[in-house]
Amino acid sequence: MKVILQVFKVGFVILLITMMLIVVISRITGNEPSFLGYQMKNVLSGSMEPVFMTGSVIQIKKTEHEGTEYDIDDIITFQKENKLITHRVVGKVINDREVLYTTQGDNNDGIDSTPVSASQIIGHYTGLTIPYIGYLLKITDTRLGSMLLLVVPGVMLVGFAVQLFIKQRRLYERQKT
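Here numbering that gives the first Met the number 0 is used: position 50 in the sequence shown is 49, and no number is missing along the way.
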């Protein structure tokens with residue numbers, strides 16, 4: 000039982016360190032947090048309900064190269080008027096210069112007013128949804144929230160290190176006597 004608990008603690012510490020590094024690097028570079036080509040995005044509207052609900056977090060796989068094509072029924076995330084939108088592909092037109100996608104939110108009555116070009120697409124939905132966590136992560140958009148995201152895991156890591164030090168010190172004292 001102690002071995003399982005120790006493995007869990009070490010895994011948790013590794014996860015915290017990884018999360019901190021991802022956040023710090025993304026803040027320094029000005030990019031969105033990304034890990035192995037995947038990003039987590041907050042769902043801000045109900046346009047895709049019931050596939051994913053407002054306040055959820057979804058995982059998208061970033062588009063790796065410009066020639067990536069999507070099929071009808073794929074769910075894509077794209078940039079439109081300085082906003083990110085995640086909708087389903089309901090149509091596709093290929094012309095001489097580019098591919099244009101017609102999109103629609105599952106909970107919307109009609110298709111989106113303008114087609115989406117391949118250059119606007121950020122990535123596609125992987126099927127991973129974490130309900131309600133988006134409400135919590137919305138806090139990280141603020142300066143205070145970003146600091147908390149770094150400070151809380153940092154304090155936990157220091158606490159873990161102190162606990163380990165005390166445990167080793169006691170073990171050393173027992174062996175000494």
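Read the hints as simulated data drawn from the structure, not as lab findings.
Note that the coordinates shown come from a computational prediction; the quantities given were computed from them, not determined experimentally.
Hints may contain errors.
What the hints assert, rightly or not - Calculated lysine-lysine pairs in the DSSO-like style (CA-CA distance at most 30 Å, straight line): (1) LYS79 / LYS40; (2) LYS166 / LYS60; (3) LYS166 / LYS8; (4) LYS60 / LYS82.
A quick look at each hint next to the structure:
Among the hinted pairs, LYS79 with LYS40 is consistent with the structure: their alpha-carbon atoms are about 15 Å apart, no more than 30 Å. For the suggested pair LYS166 and LYS60, the alpha carbons sit about 43 Å apart, so the restraint of at most 30 Å is broken. Using a Cα cut-off of 30 Å, the hinted pair LYS166 and LYS8 holds, with the two alpha carbons roughly 14 Å apart. With a C-alpha separation of about 18 Å, the suggested pair LYS60 and LYS82 falls inside the 30 Å cut-off, and the hint holds.
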